[in-house]
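Chemist: Sequence:
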Amino acid sequence: MTNSNAPETNDGYDINAIQDKWLPVWDELRPFDSGNPTDARPKKYVLDMFPYPSGDLHMGHAEAYALGDVIARYWVQKGYNVMHPIGWDSFGLPAENAAIKRGLDPKGWTYDNIAQQRASMRRYACSFDWDRVLITSDSNYYRWNQWLFLEFYNRGLAYRKNSNVNWCPSCQTVLANEQVVQGLCERCDSLVTKKALTQWYFKVTEYADRLLDDLDTLEGNWPSKVLTMQRNWIGRSYGADVKFEIEGRAEPISVFTTRPDTLFGATFMVVAADSELAAELVAGSDVQVQQEFETYLEKVKQSNDIERLATDRPKTGLDSKRFAINPINGERLPIWISDYVLADYGHGAIMAVPAHDQRDFDFAKAMNLPIRVVVDTGDPSPLESQTPTTGDGVLINSGPLDGLTKAEAIAKATELLTLQGKGKATKNFRLRDWLISRQRYWGTPIPIIHCDSCGEVPVPAQQLPVELPSAAGLDLKPKGTSPLGGATDWVNVSCPKCNKPAKRDTDTMDTFVDSSWYFLRFLSPNSTTEAFDQDLAKQWAPVDQYVGGVTHAILHLLYARFFTKVLHDLGYLDFDEPFTRLLNQGMVLMNGSAMSKSRGNLVRLSDQLDLHGVDAVRLTMAFAGPPEDDIDWADVSPAGSAKFLARAWRCASEVTGEVGADVALGDKNLRRATHSFLRDFPVAIENFKFNVGVAKIMELVNALRKAIDNGPGAADPAVREAAETVAKALSLFAPYTAEDMWAKLGHQPSVALAGLPAADESLLVEDSLTAVVQVDGKLRDKFEVSVTITEDELRELAFGSENVQRAIADREIANVIIRAPKLVNIATKA
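Numbering (my numbering), first residue to last: 1188 to 2017.
Derived from the structure by calculation, the hints contain no laboratory data. A portion of the hints provided could be inaccurate.
[As the list claims (entries may be wrong)] Below are the DSBU-like pairs computed for lysine-lysine, each with C-alpha atoms no more than 35 Å apart in a straight line:
{"id": "1", "residue 1": "Lys1348", "residue 2": "Lys1609"}
{"id": "2", "residue 1": "Lys1614", "residue 2": "Lys1486"}
{"id": "3", "residue 1": "Lys1931", "residue 2": "Lys1893"}
{"id": "4", "residue 1": "Lys1876", "residue 2": "Lys1725"}
[As the list claims (entries may be wrong)] Per label pair, the in silico range of CB-to-CB distance:
{"id": "5", "residue 1": "Asn1408", "residue 2": "Gly1266", "range": "18 to 26 Å"}
{"id": "6", "residue 1": "Asp1207", "residue 2": "Asp1722", "range": "18 to 26 Å"}
{"id": "7", "residue 1": "Arg1866", "residue 2": "Ala1902", "range": "22 to 30 Å"}
{"id": "8", "residue 1": "Asp1722", "residue 2": "Ala1306", "range": "16 to 24 Å"}
All values reported here derive from a predicted model rather than from experimental measurement. We treat Cβ as the ideally placed atom computed from N, Cα and C, and that holds for glycine.
Input sequences plus hints: build the corresponding full structure.
Modeler: Okay, structure coming up:
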């Protein structure tokens, strides 16, 4: 990263001395405090996704916080009162597992890491408002997690039920669907299995429509791929709930299908092996089926959902020896039990139409079940091609639906089912309710007391927070039940309703609860009377700019949106989307791979800061490319960044013009370069083209260096103007260097508050340009002319050119076209 024609050294530029000089000054000045109620500047809320305190800051943090800081500092320079807070997402499995491994208390390990990260953030010169700090494992924070839980509970949005859940045998805890990645635990990569447990859920599905539809309001402000990921995860589909009578069962079962038009093609039914319905059906079958089912179910529990849904997986199943009745034609359908249907999809059962569905077709072939074609797509018949046809077409073999198109047949079939009371139009979602309870210690205790007489009893608000008991004496090793069960003095309490002996709930909350509303807590992080100040929420929220990794595109963002909508409906907020704009940064790699000790490619941020200085690392992160792209640290040059910073610093050191001199008397060309920069730089920053912004600074430094060395000289007012502009813009990326430049230019700190002026458009108007002369289509001469030159003057200039006369020679001129001030086009006769 260098824009110099000749090699330079960093003589005189000592970044370590500069850092040591300015850091204590900023600590005293606190230029980024945002809590002054008399501050009349317009408000802007910039937020970085807060870190997990797993150790010191790493290279990923370095990129994320450098980019977020550019945005925050930019808006401060543009005259805004910017709230840019920081905190720590400090509960969760990593801290607990690390503490168990080291024989430590999770709290002590966590808070030691927070202290280390806080010191590193201070060194990294992040523009945080250090009066707005939160730690989610502080009881003054998680008290409000519990308060929110009870608000949700009272509204019917928090409930407890028994179901088959994702179970990590290594972490010995349940996982939400979103925490299972490719069938593995996102924390430890262990294979996730299924386990029947009674767990707490948040009823996020009640908000599924709004969570999906409101994504439209974020178009253009959130990355399109994030919006797509959210839409796919919510997964709304339209169809019908169809009632199938079961022989020997009093109540019919409902099957959701997006294709009720294909009911005449249903030749069997499939029930999820791990569903309650499967167990019920088998219980009413013969002993042999019951025994086979127990064996089969154990095998199913060893598979994850992704494996079960794979189309290329061999199909297995069990005949329940029970039958359902097709409601549209009265046909008896054998009921099979299989793993390729999931218990939590629809109602855990499907009608199988093998001629027009790949998995149904494969299952029918494997079990020798009938295949009936009911849609003529124009393709070869599945009975002949041995391949199902899944496209649109015309209905056949379907009684009253024959001859109808897909859309017509869906509407007709739904109408028939509704008239007979055997079905209705409905919609289904891929989204499932959020499983929030965890069987681990280091998390927010769930504020519910279980009483044999009263059932579930909420902890009274005045008794919050329900604080975690000390870890001393508890066995924190994962064992399938919460370690909190061992804290008998903590567990055993009196029921708040009847005063009889009762027990606390021993599960803790998923840590995504902590991060679903933390942006609101930053408004009043130290309040002991409310979760957040509603008046401040009206002034500051929602977040204007959110910055963080795309790894949170589904889990965190979806849950934060859910919380915001609930709080809006409860009357606590006047908005229902938490983050107006979103920027996702890429990863920092080394030699093409994610950094890790095992790969031997780990780069320590602390080492890079010691070697190159904070500013060089920050500038490198911004200059490496578009923020959303990955950065390969092997391909960038922090040493080159340091060299450029030294060059800019020396320019400021050499300025001799007086502060306040009349800049209108300065060099016109340099002033034009400065104000061209002031026009283009904000556009680059506001469009997240930070690398372009850095390049613009480099161009201006080049022009500044040229003006100092080759005229008009260091005393020219335009030189001072350019140097001051560089310092202000550079403060976004390299605050230490910029602050020192600002001081050398004769100003008081802090440059961060100096203000980036608007471009003077009058300086950008060109008073001359290049006119070209063509003869028979070929360029023959060009001139620097006034923008006000007339056609006659341009004609005289063109015909007075020796080059033009030589090109015309003795040929007769056929035509002359003059477009003053840019063009003279001369055509001759052949």
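Chemist: Next, verify each hint and record whether it holds.
Modeler: Each hint, compared with the structure:
1. Lys1348 - Lys1609: 28 Å, holds
2. Lys1614 - Lys1486: OK: lysine 1614 and lysine 1486 at ~32 Å, within 35 Å.
3. Lys1931 - Lys1893: 19 Å, holds
4. Lys1876 - Lys1725: Holds, because 30 Å separates the two Cα atoms, which is no more than 35 Å.
5. Asn1408 - Gly1266: 18 to 26 Å: 22 Å, holds
6. Asp1207 - Asp1722: 18 to 26 Å: 41 Å, violated
7. Arg1866 - Ala1902: 22 to 30 Å: 26 Å, holds
8. Asp1722 - Ala1306: 16 to 24 Å: 34 Å, violated
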